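Input sequences plus hints: build the corresponding full structure.
Protein chains in written order, with the working numbering: chain A, 1 to 367; chain B, 1 to 367.
Hint data in this document are derived by calculation from the structure and do not stem from the laboratory.
Since the model is a prediction, treat every value here as computed from it, not as a measurement.
We put the beta carbon where it would ideally sit given N, CA and C, even for glycine.
Zero decoy hints are in this set.
Covered by chain A, per the in silico footprint, the following chain B stretches (three or more residues, Cβ under 8 Å): (1) 28-38; (2) 97-104; (3) 135-141; (4) 297-308.
If you only want the chain B side, here are some residues facing chain A, beta carbon under 7 Å, derived: (5) Met-1; (6) Gln-3; (7) Tyr-128; (8) Gly-132.
There are 2 protein chains.
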Amino acid sequence: MVQLSLSRRLRRTPFSDGVDAAGVKAFTVYNHMLLPTVFRSVQEDYHHLKQAVQIWDVSCERQVELRGPDASRLMQLLTPRDLRSMNPGQCYYVPIVDETGGMLNDPVAVKLAEDRWWISIADSDLLYWVKGIAYGYRLDVLVDEPDVSPLAVQGPRSDDLMARVFGDRVRDIRFFRFDEFEFQGRNLIIARSGYSKQGGFELYVEGSDIGMPLWNALMEAGRDLDVHAGGPNLIERIEGGLLSYGNDMTDDNTPHECGLGRFCNTQTAIGCIGRDALLRVAKEGPVKQIRAISIGGDAVPPCDQHWPLLAGDKQVGRVSSAAWSPDFNTNVAIGMVRMTHWDSGTELMVQTPQGTRPATVMETFWN
Amino acid sequence: MVQLSLSRRLRRTPFSDGVDAAGVKAFTVYNHMLLPTVFRSVQEDYHHLKQAVQIWDVSCERQVELRGPDASRLMQLLTPRDLRSMNPGQCYYVPIVDETGGMLNDPVAVKLAEDRWWISIADSDLLYWVKGIAYGYRLDVLVDEPDVSPLAVQGPRSDDLMARVFGDRVRDIRFFRFDEFEFQGRNLIIARSGYSKQGGFELYVEGSDIGMPLWNALMEAGRDLDVHAGGPNLIERIEGGLLSYGNDMTDDNTPHECGLGRFCNTQTAIGCIGRDALLRVAKEGPVKQIRAISIGGDAVPPCDQHWPLLAGDKQVGRVSSAAWSPDFNTNVAIGMVRMTHWDSGTELMVQTPQGTRPATVMETFWN
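In structure tokens, the structure reads:
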């Protein structure tokens with residue numbers, strides 16, 4: 001492990017005081033902001049997430065707000081997913097691509113109203129792309145980063161914890177839908193979503209000043225539910241096949257390579273940037289694609305660079321995320337594999353910094 | 001100090017193996033990349049930088065490449081600095097602003113040819129803004145992040161070290177000019193520039209494969225010059241008044257607030273984005289501005305959030321960077337102060353996490 005030099009540039013969040021008090025052990029940096037990654041240990045946090053309930057400071061999922069008469073037109077420009085049937089109250093996972101079909105971000109679009117959207121972003125300054133496009137197209141729309149910091153409640157006891165603070169109506173929120181709730185006289189958007197497969201909610205906290213009161217209220221209410229501070233968990237998210245922008249994909253990749261072709265309605269998403277390139281990809285199919293990979297042997301070291309996947313002497317892909325899974329008793333991994341070797345059951349070798357290991361292409365992820 | 005969780009998303013560089021071998025103690029994250037910050041200690045590295053010569057892995061100063069017939073037109077769109085008299089072989093510090101005059105980045109523009117530029121960026125995804133503008137304006141230009149990783153040689157013995165590896169011609173490079181040199185049969189752009197006030201060079205290393213050979217050649221050649229791995233030094237850069245994007249300024253600030261008005265030729269930079277807003281600012285002047293601030297008492301804690309500057313009960317500014325300076329025997333700081341209190345000699349109070357301290361607005365920085 002290495003040390004992180006703190007500075008104002010790595011922004012603290014409205015929940016940072018709570019995170020510090022909960023004994024955070026490690027951070028990563030995400031959208032120029034601190035994202036807590038470890039509280040007890042990656043493995044302890046993992047077991048706890050699957051059994052109880054955690055509060056995650058995911059303020060780093062910054063919002064890009066679109067507001068004004070051209071907001072919906074701009075939103076459809078940005079993504080090959082067809083948004084015509086989307087209603088206010090819904091969240092859509094939307095690949096965002098450039099003119100060549102390369103992924104710029106893989107955010108969740110939150111439709112607040114016909115003329116108002118939040119784009120809840122992964123780790124890249126999508127704000128700059130959206131501002132550039134809006135300005136270049138001379139659109140009538142405000143594009144901004146509002147003072148909104150998501151807080152996630154994740155784990156099997158999420159509904160119980162949330163009901164104690166927000167009432168039973170919170171249980172009725174359907175997956176990737178949101179509703180408005182009140183907290184200390186303020187309105188909060190709460191969605192059933194989150195970056196784990198254990199169920200839960202994301203609370204879009206508008207106004208930094210209610211950050212700590214909300215954090216404390218949830219911690220207080222969940223004491224007998226064994227609530228604990230947590231964060232996106234490396235092991236759990238790989239098991240669940242949750243991709244990470246910057247780790248598993250970059251602007252080199254098309255959505256189809258990332259297995260996100262089902263979110264591209266390139267025929268009907270008229271006007272979207274990258275449509276020409278993606279129509280070609282959709283027709284021919286990608287020549288490499290994201291796969292679940294299991295890696296043999298004992299626990300692999302941290303995966304901080306691409307590990308080549310080999311068939312004999314030939315490189316046929318690379319692993320981008322990997323971790324030891326206690327529950328599945330193997331190393332779980334995410335990799336990009338060429339079509340010649342992407343069938344499930346294909347046996348490959350992977351070059352880790354601690355030597356070459358056997359690797360197997362899996363049928364599905366471990367969820 | 002806190003731990004940093006490593007992952008592929010926090011990109012390693014062509015020099016990372018050298019950085020590890022040199023015993024790096026801490027990193028920050030900058031443009032989604034690891035930036036080494038501490039080798040021995042911040043203070044030891046500081047003294048050494050001022051006396052000898054250091055090799056810095058500043059790969060995180062990524063390049064945005066503009067290539068094609070509209071490259072120069074796009075470059076002038078991006079900045080209020082008038083580029084008409086700039087020649088190939090020159091580097092310009094260029095504020096980049098949005099349509100409201102807010103700073104998006106403060107990079108160095110490197111003019112390689114009339115139709116080819118590199119923009120050597122501070123910590124924000126300027127690539128996304130430039131791509132968005134180029135696409136929105138339908139310009140005939142390629143915009144890309146090339147495989148170019150800057151390596152800096154900084155400190156009073158920089159000329160001697162560089163001459164050993166590249167010959168005496170390197171001594172003739174003038175400040176903010178560059179020339180081409182050969183290393184192992186490959187061409188390298190070398191500029192006299194860098195993020196310290198101790199003199200030195202930045203080498204634009206094109207092609208990751210020559211990263212470690214170059215690192216090793218410099219380390220080898222400088223052994224009797226006491227060469228050491230280093231990085232941008234918090235104390236030295238505050239003494240020198242070198243601003244840090246994300247720390248001392250954000251997209252909330254105009255260049256004029258940052259004391260960068262001299263780089264804005266808003267009258268003559270016809271066509272630049274933000275011109276309307278900046279003409280207004282240039283006419284009226286900013287109401288707050290960056291100042292050197294000295295803070296009394298013993299060493300301040302790390303400044304990882306804004307510290308309010310107070311005149312009596314009233315907040316009149318904030319400190320964004322601060323460190324104890326052994327050479328000046330005081331805490332040196334950078335802050336933004338309202339015009340009512342920005343005259344040199346003004347006595348204020350600053351609220352640090354370890355209590356309130358006296359602070360003084362300085363005439364100049366400490367260089």
